[in-house]
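A.B. asks: Protein chains in written order, with the working numbering: chain D, 430 to 1016; chain A, 430 to 1016.
Mixed in with the good hints, there may be bad ones.
Heads up, simulated BS3-like pairs for lysine-lysine below, C-alpha to C-alpha not over 27 Å straight-line [what the hints assert, rightly or not]:
#, chain 1, residue 1, chain 2, residue 2
1, A, K965, D, K886
2, A, K984, D, K724
3, D, K649, D, K628
4, A, K825, D, K965
5, D, K965, A, K886
6, A, K965, D, K825
7, D, K671, D, K588
8, A, K965, D, K965
9, D, K984, A, K965
For the record, the hints were derived by calculation from the structure and aren't laboratory data.
Number of protein chains: 2
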Amino acid sequence: MPALARYFPILEWGRSYNRSVLTNDLMAAVIVTIMLIPQSLAYALLAGLPPVVGLYASIMPLVLYAIFGTSRTLAVGPVAVVSLMTASAAGAIAAQGTAEYLEAAITLAMLSGVMLAALGLLRAGFLANLLSHPVISGFITASGILIATSQLKHILGVKAGGDNWPDMLGSLAQTIGDTNPWTLAIGIPATLFLFWVRKGAKRALQLAGMPPRAADMAAKAGPVAAVALTIVAVLAFDLAAKGVNLVGAIPQGLPPFALPSTDIALIQQLWVPALLISIIGFVESVSVAQTLAAKRRQRIAPNQELIGLGAANVASAFSGGYPVTGGFARSVVNFDAGAETPAAGAFTAVGIALASLFLTPLLFNLPIATLAATIIVAVLSLVDLKTPGQLWRYSKADFAAHVATIGITLLAGVELGVIAGVAVGLLLYLWRASRPHAAVVGRVPETEHFRNVERHKVITVPHVLSIRIDESLTYLNARWLEEYVLERVAERPELRHVILMCSAVNEIDASGLESLEAINHRLGDGGIGMHLSEVKGPVMDRLHRTHFIEELNGKVFLSQDRAFSELARDDGAPPPPVDHYLARGMI
Amino acid sequence: MPALARYFPILEWGRSYNRSVLTNDLMAAVIVTIMLIPQSLAYALLAGLPPVVGLYASIMPLVLYAIFGTSRTLAVGPVAVVSLMTASAAGAIAAQGTAEYLEAAITLAMLSGVMLAALGLLRAGFLANLLSHPVISGFITASGILIATSQLKHILGVKAGGDNWPDMLGSLAQTIGDTNPWTLAIGIPATLFLFWVRKGAKRALQLAGMPPRAADMAAKAGPVAAVALTIVAVLAFDLAAKGVNLVGAIPQGLPPFALPSTDIALIQQLWVPALLISIIGFVESVSVAQTLAAKRRQRIAPNQELIGLGAANVASAFSGGYPVTGGFARSVVNFDAGAETPAAGAFTAVGIALASLFLTPLLFNLPIATLAATIIVAVLSLVDLKTPGQLWRYSKADFAAHVATIGITLLAGVELGVIAGVAVGLLLYLWRASRPHAAVVGRVPETEHFRNVERHKVITVPHVLSIRIDESLTYLNARWLEEYVLERVAERPELRHVILMCSAVNEIDASGLESLEAINHRLGDGGIGMHLSEVKGPVMDRLHRTHFIEELNGKVFLSQDRAFSELARDDGAPPPPVDHYLARGMI
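Okay, chain D solo, but in the shape it has when bound (with noise of 0.2 Å):
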């Protein structure tokens, strides 16, 4: 690929485009802007900013994306998890609903930009491996129970806070006698209709009568439906006078320009949030990205992928929006609608521009409670129940991984449980990657094979030990090998050979090497040859390029059997005299 259009996607699918990929790109926007304006509103609600931050996220950033993304068919914006993120990290600078709040949210958004384009642009994709699937899948658990939680006070009527659940449990008890029957007149209908809407209503509308791809589509609106009925039910039993929170003024118009933050003290409060909300963001983006793209055997590349999410990030920040992600919901409308190319998330961006500039005044009257109602159904879908009990049978390191991002998460918030989360999977990856596979191997009767000596019954003398290395040798185990191998020597007296059998050793590096020659030298010490065998090309090549080879105190065989065979012969011998262990300085 030319290294233009490998920065510029849009250099490659842009030359094919033709009237019909058009169609269907503006049919699949006008489905996805639908869906997209409440969700917009809802989910800069959650994230503590007024709802028109979260159209001004939704428009600049799809057509950066549309530029630099390597996905047909991702739709970007706002999404429930970062939301809940970018709460947490403002809400630490400021509170809510002041200028430095907004001020943090969209510096936020620039330097979890920046992050991002740094890490593609170094081609470090490699890094979001540092999130095992146990533990994004406890975070995302622990979030979605973190958010509905979140929203309860909305549903309530009542002002309650805290970024942990006993906080927000606790601030909710505290306040509950303060709830306005009105707001939950709107909050637990709405709630209950979207629930309905998502789990029953195709089938209901199916059983009706309506066509299956109708009530799909009439489905799909549900969320629009309960934001004109609520709207409605407001003007009509006069709500706003009965204390029920509205949405208010929305500032009519394209996104301002705005400037992040260039204040060294804010940057270095915010910088491990934000590189918190770029790993995450960008782990679930590829995430549905390779999902989507492997149903039509497209293909996406993840570090252009980071380029594409920094730049979207970063006009989000100059367009005053925050940080934005590719969502699930979102992508699969998108792709299911029919988008064939990231150009229709350029024309969803234009829908979002339409609605900001035309729309606002008739969303004067939505309840704060329906926008909540709509939070909370999508988030429940993120509550994972399954994967511990899966977990629990399959390993139980995986397990504890992810049961304590669930429990940190929940406990001390979004930030502390993704790093609790990594922490916790790079230690158990640290403990068994230090005490590796290996085996004492014997020949398995009349074959060249050699198997191990506890599973099968094989030949062995009792002057030969042959180990059979089952992983590279790196600094995570060299110890380890250093410790095995002396003390199976250590068990033995008789002992005239050693052999490494290393078929399964694909790399040694330095700490390897040199704890090869440590073994080396106390084999040496005490009498013993060192040989190996099986020992791969490359692994080869790099061993003559140092000593060791020359200062082995034994041979290196091209075989185990070879080995064996030549090794197990040096018994019938009678043992040399004195002499010749003094002569080779092995006594």
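Please arrange chain A on chain D, whose structure you already have, making use of the hints.
C.D. replies: Using the frame of chain D, we list chain A on its own:
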């Protein structure tokens, strides 16, 4: 081993203690005591502490290590690198010479002791693996340079400071005008003399007719000679009046009972340096202990070593000392002098205690420059100029970790140096772990062996793709696996079967499993069968605890040969009509 003896190794070796062992231990203790007196004073100086603190750190810690340690010959006490780290950490709290500085040093010993013991009880010695050989050797080289540079001020008799190289050199450049010629007249000859003692004295004495063993002992007593000669010079020329800095009055008596600080704010500032001191001290100590143990075919228990060093540091804190660990030079002397059990360490403690009771007045006139010369000569042997070249030839990644550690330690000090070394090592490891080895394989003609198609002439068929995975599938490489397999598949439109050959897969964690499920699902969407071959027993047992095998879009074969033979035969049928593909959603 009984549980009690595991935690109290003294119960093991104490039972067979007899008069002959006692004689050997006493002999070694006398020699180590003579060596340790000037060293303790010098390292306390390096740590920015009063000389007597070095003596205190060489008494109780030795007794506690004798009870809890597993090495028979390790000699514990103040060492150069840990002294430098102490100076750096305590210097961030208070100015040298203040009570707060001393309190910080004592608290560091306490924290470090508690951390070491806790890691030992948690059996977390594997964490020391995070320090690879290239990182450790880079850190030791840079520390040697920093330490030698820090002592130049004492040779010149000026007041300079700094805890990184540029600051130290800058400070020396500013103050070099104040050089005291008399101090220089002591410092330079003392340095040269000690260099000669280390490098050429033994040979010279032998050439002069001394028997080898006596020459060796005489050379080892060189530092004591330097101490005696410079004291005589101070008295003869009344150098005190000429501005030569002297050790001065050292309080006579046994170590006091000291209390480490329990101030939370201080502990918050010190816990990171204390952790780094613990890990560096542990790694240095274990390397020495293992090397010596192997020479006598003994073993050490790394987790119990943590407990032994932890107890030594707690003892150091409560007796007014600072962080200690096992030192290389003195342990070798202890070993060579014939020490057989840790009792030699306890006897050394008695020796140092006697010295602090009776000998300290003799050291009143000892020039600081002599101690500085002792340090400079000792640490320059730590500077290793060969390793960078060897690493460059052997492994660019290890070279990068080594050089980064040296550079950051010199430029930003010891703490950031260790942290950066660990981080660089881990990043490079994760980067490699995220791109593990795998190969497309084919059958070697007329055998049952399968080898890499790029290196060997092997048999393949266009509709079967065999991929050998050469690593365990973990979360670090799970994403890579998906990409690798799906890219290979995207290249071959005629493909009908993929076989994953799992002979080298020792483990599949939950993320690896999820990736296999994703691959299975996507291959299934494309009408391609996914098969496994040569899955190890324990891996298969675990897969059976999930639905993966049931949902597998293909079969599990015991051998790769059987898989290839059966699936290659699936070729004979005429190509299915287009409808066949259409029905499977492939076109």
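A.B. asks: All hints, please: hold or fail.
C.D. replies: Hint-by-hint comparison with the structure:
Our distance criterion of 27 Å between C-alpha atoms is met by K965 (chain A) and K886 (chain D), whose separation comes to about 17 Å. With a CA separation close to 23 Å, the supplied pair K984 (chain A) and K724 (chain D) stays within the 27 Å bound. Pair hint K649 (chain D) plus K628 (chain D) holds up; C-alpha atoms about 11 Å apart against a cutoff of 27 Å. With a C-alpha separation of about 19 Å, the suggested pairing of K825 (chain A) with K965 (chain D) holds against the 27 Å cut-off.
Straight-line distance between C-alpha atoms of K965 (chain D) and K886 (chain A) comes to about 17 Å, which keeps the hinted pair within the 27 Å bound. For a cut-off of 27 Å, the pair hint linking K965 (chain A) to K825 (chain D) stands: about 19 Å separates their Cα positions. This hinted pair checks out: K671 (chain D) and K588 (chain D) have alpha carbons roughly 16 Å apart, not beyond 27 Å. Proximity of K965 (chain A) to K965 (chain D) is assessed by CA-CA distance (about 21 Å); at most 27 Å being required, the pair is judged to hold.
Distance hint between K984 (chain D) and K965 (chain A) is unfulfilled; the C-alpha atoms sit about 30 Å from each other, more than 27 Å.
In summary, the structure is inconsistent with hint 9 from the numbered list given earlier, while agreeing with all the others.
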